[in-house]
Amino acid sequence: MTFAWYVNAQRMTAADAPVCLVCMPYVSVAHPSIALGILHAALKNEGIGCRTLYANLWFAEQIGISDYSFFQLEDNLLLRGEWTFSRAAFPNSNLDSSKYLARVVAESSHLSISANEMPAFLARIRDEAENFVSVVAAKVLAQKPRIVGCTTTFQQNCASLALLRRVKELDPSVICILGGANCEVSMGEALLTSCSFLDLVVSGEADTLFAPLCHQLLTTDEALYSQSFPLGVLSRTSRKNLMGSGKVPRAVVERMDDAPIPDYYDYFSALESSSLKSKIHAGMTMESSRGCWWGQKHHCTFCGLNGGSMKFRSKSPARVLDECRELARRHGNHRIHMADNILDMSYFESVLPELAKLDPPLSVFYETKANLSRNQVNSLAQAGVRFIQPGIESLDDNVLKLMDKGATGFINIQLLKWAKEEGIFVVWYFLTHFPGEKDSWYQEMSEWLPLIHHLQPPMDVFPVQVHRFSQYHSRPEQYGLGHLRPHEVYRLLYPLPEDTLERLAYYFEFYSPKGEPESGRSALKSSVRLWWMLWHMAKAKVAALEWRTDNNGQPIIYDSRPCALEREVRLEPSALSVLEACVRAIGTSELERRFADSMSDVTKVLDDLCRRRLLLRQGNRYLSLVNRQPVRSYLPMDECPSGSILNQ
Numbered sequence: 164m165t166f167a168w169y170v171n172a173q174r175m176t177a178a179d180a181p182v183c184l185v186c187m188p189y190v191s192v193a194h195p196s197i198a199l200g201i202l203h204a205a206l207k208n209e210g211i212g213c214r215t216l217y218a219n220l221w222f223a224e225q226i227g228i229s230d231y232s233f234f235q236l237e238d239n240l241l242l243r244g245e246w247t248f249s250r251a252a253f254p255n256s257n258l259d260s261s262k263y264l265a266r267v268v269a270e271s272s273h274l275s276i277s278a279n280e281m282p283a284f285l286a287r288i289r290d291e292a293e294n295f296v297s298v299v300a301a302k303v304l305a306q307k308p309r310i311v312g313c314t315t316t317f318q319q320n321c322a323s324l325a326l327l328r329r330v331k332e333l334d335p336s337v338i339c340i341l342g343g344a345n346c347e348v349s350m351g352e353a354l355l356t357s358c359s360f361l362d363l364v365v366s367g368e369a370d371t372l373f374a375p376l377c378h379q380l381l382t383t384d385e386a387l388y389s390q391s392f393p394l395g396v397l398s399r400t401s402r403k404n405l406m407g408s409g410k411v412p413r414a415v416v417e418r419m420d421d422a423p424i425p426d427y428y429d430y431f432s433a434l435e436s437s438s439l440k441s442k443i444h445a446g447m448t449m450e451s452s453r454g455c456w457w458g459q460k461h462h463c464t465f466c467g468l469n470g471g472s473m474k475f476r477s478k479s480p481a482r483v484l485d486e487c488r489e490l491a492r493r494h495g496n497h498r499i500h501m502a503d504n505i506l507d508m509s510y511f512e513s514v515l516p517e518l519a520k521l522d523p524p525l526s527v528f529y530e531t532k533a534n535l536s537r538n539q540v541n542s543l544a545q546a547g548v549r550f551i552q553p554g555i556e557s558l559d560d561n562v563l564k565l566m567d568k569g570a571t572g573f574i575n576i577q578l579l580k581w582a583k584e585e586g587i588f589v590v591w592y593f594l595t596h597f598p599g600e601k602d603s604w605y606q607e608m609s610e611w612l613p614l615i616h617h618l619q620p621p622m623d624v625f626p627v628q629v630h631r632f633s634q635y636h637s638r639p640e641q642y643g644l645g646h647l648r649p650h651e652v653y654r655l656l657y658p659l660p661e662d663t664l665e666r667l668a669y670y671f672e673f674y675s676p677k678g679e680p681e682s683g684r685s686a687l688k689s690s691v692r693l694w695w696m697l698w699h700m701a702k703a704k705v706a707a708l709e710w711r712t713d714n715n716g717q718p719i720i721y722d723s724r725p726c727a728l729e730r731e732v733r734l735e736p737s738a739l740s741v742l743e744a745c746v747r748a749i750g751t752s753e754l755e756r757r758f759a760d761s762m763s764d765v766t767k768v769l770d771d772l773c774r775r776r777l778l779l780r781q782g783n784r785y786l787s788l789v790n791r792q793p794v795r796s797y798l799p800m801d802e803c804p805s806g807s808i809l810n811q
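In this text, residue positions in the sequence shown follow the working numbering: the first is 164, and each later residue adds one.
Think of the hints as simulated: they come from the structure by calculation, not from any bench.
Warning: the hint list may mix true and false statements.
Claimed, not checked - Pair by pair, the computed Cβ-Cβ distance ranges are:
1) His461 with Arg711: 35 to 43 angstroms
2) Ser536 with Leu304: 53 to 61 angstroms
3) Asp259 with Glu280: 18 to 26 angstroms
4) Asp334 with Ala265: 34 to 42 angstroms
5) Asp801 with Pro725: 27 to 35 angstroms
6) Leu333 with Thr382: 19 to 27 angstroms
7) Glu280 with Cys726: 33 to 41 angstroms
8) Thr382 with Trp698: 18 to 26 angstroms
9) Asn810 with Asp384: 51 to 59 angstroms
10) Glu665 with Gly227: 34 to 42 angstroms
11) Glu280 with Pro725: 30 to 38 angstroms
12) His461 with Asn810: 37 to 45 angstroms
As the list claims (entries may be wrong) - BS3-like, lysine-lysine: derived pairs with alpha carbons at most 30 angstroms apart:
13) Lys564 with Lys207
14) Lys440 with Lys307
15) Lys331 with Lys410
16) Lys532 with Lys704
17) Lys460 with Lys440
18) Lys564 with Lys601
19) Lys307 with Lys460
20) Lys601 with Lys532
21) Lys704 with Lys442
22) Lys474 with Lys331
23) Lys442 with Lys302
24) Lys532 with Lys688
25) Lys331 with Lys460
26) Lys460 with Lys410
27) Lys440 with Lys564
28) Lys460 with Lys532
29) Lys532 with Lys474
30) Lys474 with Lys302
31) Lys532 with Lys520
32) Lys307 with Lys331
33) Lys302 with Lys331
34) Lys474 with Lys601
35) Lys410 with Lys474
36) Lys442 with Lys601
37) Lys207 with Lys331
38) Lys460 with Lys564
The structure presented is a predicted model; accordingly, all values stated were derived computationally and were not measured.
Backbone N, C-alpha and C fix where the C-beta goes; we use that ideal spot for every residue, glycine too.
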């Protein structure tokens, strides 16, 4: 079969590129792979020819961008994308497809594809995937590479395995290497053990080891049988040395400035010739740090990011700024998604002020902590950081304590307030079903959520999952989880023994008693759904609760929330003073001390402000819900730093 993308790909010349890197589905087509971009740059810096093929872009062309986006955006725990490539990855397996599809149908009510349509849809994509793998393998081998490498993160595993299997079948002399987040420590060892077509698996960070490794493989006879591969490179010989030790090595880049600037030329070249060019508003991915400085002190209970290394390392301010400028210059693109797990707080004094001076400005995404000051939020906006993910997963103090987040509900609401004032889009979610929680906490939250309908709602509500490398995974007994086992879906995707799945799986499940009350969680979901609908249906006319001035220059509060008791609120000077004092969360005792000389009964004023739905009370603390008038509007979503799909 001939595909448009294949015809375009055929026009590429093999040149002198002994290494071919391939980005398989299902990762975003709206930005290049930072992993492959870094490896490509490292090879180029050492004079080793490399071609990076964006097969994920080709598959999106083949099945349509809408269908591709379903797997990339809507799916998660059931790994529907993995299933579509599992038969190509394991062609001789006898896995029961009907059992998997029955599970999928039972859990498809919230998706854009209906439960009735889902089995036929997945079967069609799986048929497309099998032929696609063969065509891509032929294209890869047309480059005449000696080494083929794939990256695998989340739902990229089966597609990458399928391609490397087919490449090895067609040309056994080609060295096949797999790396990425799905290859971290035991996961990588399990893949190497189970997949005979894999020659090497890289566990950890390959930035500085990959080019020397390729040089070794390209210049040394019998290199695959070497006993001296870099730390983190798993081979058949190295695996023998690991047997019984229980320890799988992981490569770590200690000095982040040593990592090369990613090379994204092949991505933008592929996009330029793609039939999807007009539908993709591309962004770029960059890193300024790895690890998590908060996690080094307090590992959030559910977080499985960072793999085997939580150690926080960041690039020098000069390097971060040089890299931002260089990527923007190379590709004429000002959208940069920082892949960091957390922002280095020292950048508020070094990097952000310099980013604010750039002309044209950048549009940047960062993950941050939620406990930012008002001035820090302003600094983010000034620097072009208009999209953030601050780790908000609840607004209830009790739930947040179970997460060990180091934040409170008021800290999170405070950030949502200030982000709206600065036009910063906040990516956040509600997580539920934490071990030890009470359903009543969610009922209580659902009752006061309408008070903050003028702030940005969460993207969705999800039950917490148990991920490898999380505290729940490493210490399940401490949280009352009992025996963990790989999520059932792995048994329906991989024809592997249970002990191998234990090492391979990223998602785990545990025994959960039936019959626990769910009314509170259901109430929260309903409240969030209404909040989300009001926000997105209103578009430019979202609800407001903000300070304004009347025709006489007097302060008033404009309130257009659905729960508002009055559209314009005028307060006595004493009430105004108390409300302004609550711009940050503050306790009753401090308020009483502050107004001891000017007010006889602060509690009465506080009660009245709560009655008028201008203040929120949690315990003995208060927070004003009133915004200052926004300094700037939200950017359109096609300015999203990670890229966006247009006309969806």
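Hint check:
1. A hinted range of 35 to 43 angstroms holds for the C-beta pair His461 and Arg711, which are about 41 angstroms apart.
2. Taking the beta carbon of each, Ser536 and Leu304 are about 56 angstroms apart, inside 53 to 61 angstroms as hinted.
3. A hinted range of 18 to 26 angstroms holds for the C-beta pair Asp259 and Glu280, which are about 21 angstroms apart.
4. Here the CB-CB span from Asp334 to Ala265 is close to 39 angstroms, well matched to the stated 34 to 42 angstroms.
5. Restraint check, Asp801 to Pro725: a C-beta distance of roughly 29 angstroms satisfies the suggested window 27 to 35 angstroms.
6. The hinted range of 19 to 27 angstroms is satisfied by Leu333 and Thr382, whose Cβ atoms lie roughly 24 angstroms apart.
7. For the pair Glu280 and Cys726, the supplied restraint of 33 to 41 angstroms holds, since their beta-carbon distance comes to about 38 angstroms.
8. Range check, Thr382 to Trp698: about 59 angstroms between beta-carbon atoms, so the 18 to 26 angstroms window is missed.
9. A hinted range of 51 to 59 angstroms for the beta carbons of Asn810 and Asp384 is consistent with their spacing of about 54 angstroms.
10. For Glu665 and Gly227, the hinted distance range of 34 to 42 angstroms is satisfied, since their beta carbons lie about 37 angstroms from each other.
11. Between Glu280 and Pro725 the CB atoms are about 35 angstroms apart, so this pair conforms to the stated range of 30 to 38 angstroms.
12. For His461 and Asn810, the Cβ-Cβ distance of about 43 angstroms falls inside the hinted range of 37 to 45 angstroms, so the restraint holds.
13. For the hint pairing Lys564 with Lys207, the CA-to-CA distance comes to about 47 angstroms; that exceeds 30 angstroms, so the pair is violated.
14. Taking the CA atoms of Lys440 and Lys307, the gap is near 28 angstroms; set against the 30 angstroms cutoff, the hint holds.
15. Of the pairs offered as hints, the one joining Lys331 and Lys410 holds, with about 28 angstroms between alpha carbons and a cut-off of 30 angstroms not exceeded.
16. Annotation: proposed proximity of Lys532 to Lys704 holds, straight-line Cα distance about 29 angstroms (limit 30 angstroms).
17. Proximity of Lys460 to Lys440 is assessed by CA-CA distance (about 44 angstroms); at most 30 angstroms being required, the pair is judged violated.
18. Under the criterion of a C-alpha separation no larger than 30 angstroms, the hint pairing Lys564 with Lys601 is consistent with the structure, at around 13 angstroms.
19. A hinted pair counts as satisfied when its Cα atoms are at most 30 angstroms apart, and Lys307 with Lys460 does not qualify at roughly 49 angstroms.
20. Distance hint between Lys601 and Lys532 is fulfilled; the C-alpha atoms sit about 25 angstroms from each other, no more than 30 angstroms.
21. About 27 angstroms separates the Cα atoms of Lys704 and Lys442, which keeps this hinted pair within 30 angstroms; it holds.
22. At most 30 angstroms may separate the alpha-carbon atoms for a hinted pair to count; Lys474 and Lys331 exceed this at roughly 37 angstroms.
23. Restraint check: the Cα-Cα separation between Lys442 and Lys302 comes to about 25 angstroms, which is no more than 30 angstroms; the hinted pair holds.
24. A distance of roughly 25 angstroms separates the Cα atoms of Lys532 and Lys688; the hinted pair therefore holds under the 30 angstroms criterion.
25. A distance of roughly 45 angstroms separates the Cα atoms of Lys331 and Lys460; the hinted pair therefore is violated under the 30 angstroms criterion.
26. This hinted pair checks out: Lys460 and Lys410 have alpha carbons roughly 24 angstroms apart, not beyond 30 angstroms.
27. Our distance criterion of 30 angstroms between C-alpha atoms is broken by Lys440 and Lys564, whose separation comes to about 46 angstroms.
28. For the hint pairing Lys460 with Lys532, the CA-to-CA distance comes to about 14 angstroms; that is within 30 angstroms, so the pair holds.
29. Note on Lys532 and Lys474: the hinted pairing holds, with a Cα-Cα distance of about 17 angstroms set against a maximum of 30 angstroms.
30. Of the pairs offered as hints, the one joining Lys474 and Lys302 is violated, with about 40 angstroms between alpha carbons and a cut-off of 30 angstroms exceeded.
31. Using a Cα cut-off of 30 angstroms, the hinted pair Lys532 and Lys520 holds, with the two alpha carbons roughly 24 angstroms apart.
32. With a C-alpha separation of about 13 angstroms, the suggested pairing of Lys307 with Lys331 holds against the 30 angstroms cut-off.
33. Restraint check for Lys302 and Lys331: the C-alpha separation of about 13 angstroms stays at or below 30 angstroms, so the hint holds.
34. At roughly 33 angstroms between alpha-carbon atoms, Lys474 and Lys601 are farther apart than 30 angstroms, so this suggested pair is violated.
35. The hinted pair formed by Lys410 and Lys474 meets the criterion: a straight-line CA distance of about 18 angstroms does not exceed 30 angstroms.
36. For the suggested pair Lys442 and Lys601, the alpha carbons sit about 45 angstroms apart, so the restraint of at most 30 angstroms is broken.
37. Proximity of Lys207 to Lys331 is assessed by CA-CA distance (about 25 angstroms); at most 30 angstroms being required, the pair is judged to hold.
38. At roughly 15 angstroms between alpha-carbon atoms, Lys460 and Lys564 fall within 30 angstroms of each other, so this suggested pair holds.
Consistency with the previously given hints fails for numbers 8, 13, 17, 19, 22, 25, 27, 30, 34, 36, ordered from lowest to highest.
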